[in-house]
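With the hints as a guide, bring the two chains together.
For the protein sequence lines, the chains are A and B, in the order given. Quick note, the first sequence lines up with residues -13 to 198 if you use our numbering. Quick note, the second sequence lines up with residues 314 to 555 if you use our numbering.
Calculated directly from the structure, the hints in this document are not laboratory data. We put the CB at the ideal spot given by N, CA and C, even for glycine. Please note that a few of the clues may not be correct.
[What the hints assert, rightly or not] Okay, the calculated beta carbon distance ranges per label pair:
(1) A/Ala182 - B/Asp358: 21 to 27 Å
(2) A/Ala58 - B/Arg375: 46 to 52 Å
(3) A/Pro127 - B/Asp354: 28 to 34 Å
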Amino acid sequence: MSAASTEPRSAGIADAAWSELLAFLARGGRDGGAAYEELRQRLQFFFEWKGCAGAPELADETLNRVAAKLAAGEQIHTDEPRRYAFGVARFVYLEAVKRTARHVPAERSDSAVAEASAAEDTAWREARLAALEACLATLPPRTQQMLLRYHDDDGRQRIDQRKRLADELGIALNALRIRVHRVRVQVEDCVRSRLARTDRRRPATSSPRTSP
Amino acid sequence: MTSAAGTSGPPITDDEQLARYLLGELSPDEAAAIDDALVDDALWDAARRAEDELLDAYVADRLDATRRQRLAERIAASPRLRDRVELHRDLRAIAARRRRRPRRAVAALAGGVAVAAVLIVVLVARGGTQRATTSGGDVVALVLAPTTRAGEVAVVQVSGHDAIAVSAVMDAEEAFPRYRLELTSLGVTRWRQDNLVAAGGMLTLRLPVAVLADGVYQLEITGLGAGGAPVRLGVRGFRVER
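Okay, chain B solo, but in the shape it has when bound (with noise of 0.2 Å):
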């Protein structure tokens, strides 16, 4: 024979807690006092709404490091929480193109022709946070803010290096469902990419280093709608060095 544990009432939660206790942030007894009432309905809607907020913070890029790491290591694990975040970021994109429509046109007859100028970051990564987890070499990483003061091009050296990610980080207003990159030199397309999701405010091209000979690069950025036109965001230049 056995018997059902105690019953108490369920502990008294806020938003907050009870966004630490799907991050894993409280104490034992504390997590424990929360599982044993998810059988609680109140708790059991409220602890699915902290879920919301916290996928929306996740979309929106709000938390700092630490819980976007560890909302990153569940939402990894889960399909669920997989396709929830692809919820939230569709809602999001159709949300900012609707707002956007009208605008969006005048900034479509301006072309976007203006090559932006760069305000570059290069970090060269061997062994730490930038190694790509999928080619198993060394990447050299590159950003590029969307533009700051004219004439500066970014320089990157990729001596000694497998791949190369470069990584453009998107303006709020430039929010699509998906994009295009597409890497040029001197009119002749090099590398597209096709599907790309903004990923922490970003979009990152990965390729080898093989591929790119010495020389100057624009990177094309296309937002890619529902069933909409693709729309030219803008390019953004940079050089490569041996």
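The following block holds chain A by itself, in its conformation from the complex (with noise of 0.2 Å):
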């Protein structure tokens, strides 16, 4: 097992269940606690596409659970400490489901995204797409080209577009997709951890509207 203490922990996680919970994990033949992290996104993932707000938190009532379990001094019997958690974490999403409305109602969702994004103040954005240039720069020309051409999208020749990228690299367009996921995967986390350094907070409120 790796003690891995320097993994962020879901909050509530007391230092011996937290060594339980990483013991655990690494049942599965992994570092406790990068699977504990990739756990952790799959659990996010599950609850935000049941439409659960507050998904992160979810994830980490989920993590706490098996945790208190473990802390407990119950015996969990299985080789897959993953299959574990998500059998939780459907009991956390029926609670979830019954304590709160699923979903954010229909006739705002649409414009509350257009309203969040129109929120953002130009020092963000501007800081954002300059983290994304800068990101890009660093991949392979080739890689990049191909990452843009993908996403080169008029709406009108887009399918015609995306197969003759895929023809020109020798790939299926199935491949193609995967190899871009794979690259925007790449990309986002690098934009992400310049982000983090820029030691910014988004705005939360207020939209820019300036009146004459």
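In structure tokens, the structure reads:
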């Protein structure tokens, strides 16, 4: 088991329970800290796509419950800790459904996304675009070109453009999707890392409207 | 003592089935099978790619209304998904800007001085889907298409409404990360908003009806690039009447 004491942990897990949890997750044959991070991502994904608000907190709640069982001395006999955690997650989800409305009201959601975007201030958006440009610049030229051509979608010839790109690379369209996905994940991590260094918080409210 | 649930192989899935899973379109049994399979690395990777494809389609406005709404609900509830939407938008904006650079200079010289004639759709929304989420009052919506027949001017009746939402339908060639909309009348700026982001292929300016006297207005659209100079994209006109 890895101590992985520097891994971020869910709020509310005591030291002893945390160690138990990491040991449990390491049963899958991986480093406990890394397994924890990956499992938390999957749980968050699960809750998000169920339409739950507060998905990160629900993922933490799931992990807290597993940790609490372990800390209480409960013997969990499985070699698949992730599967066990997902079983717990299903209960957490059902409770969340009972507790709150599952979705943002339908008539508001699309506009809420647009308004959230519009509320970003100029400096933050500039910083984000600059970070993306910088991250793109770290890619090999052909990779950068592939990523941008994939996203250069004028809405009319998207399929043809992407097929042409796949042909040029000598791969199938699905393989192109997979390749682009991997690069996009890499770029996303890079952007997140750069933005974290700016030590800047996103604005939560206030439209940048200017009245005369 | 607790035992793990029984295991079985991951369900056979394709892209469309995963999209349906993410959007909540599967039956409970089908969805539960994929829930279980999220522990499988191959399916997990496929599900994340399916997420990417959905966000890509959302940003490109290629989803039908039902799916768009379902996806918007999930995006609205998730800061992570909102960040990912922004990344997709930014990638598209950078890609479009790099493609457009040579042509943009010519377009800027042309000045965008021709005042576009407009094709209008006037929607009077009372308690319908066009109700603004923040004003709390009735909104009259005016949608301005890029250009059609010269000489036509949209007329919007604002009597009895608290606010007006003026939307400009954007051409795909006009993609910028953000925009400025400026509403002028008789050469005087009446309202201006920076940092707008196109949603669903449209830019929308919302303002109180009381701000606008009867008369002709021009909506000037300016694209704002990352660190670049503003690019004037055009002007659309309409008339306000009570």
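Right, here's what the structure says about each hint:
| no. | hint | in the structure |
| --- | --- | --- |
| 1 | A/Ala182 - B/Asp358: 21 to 27 Å | holds, 25 Å |
| 2 | A/Ala58 - B/Arg375: 46 to 52 Å | holds, 50 Å |
| 3 | A/Pro127 - B/Asp354: 28 to 34 Å | holds, 31 Å |
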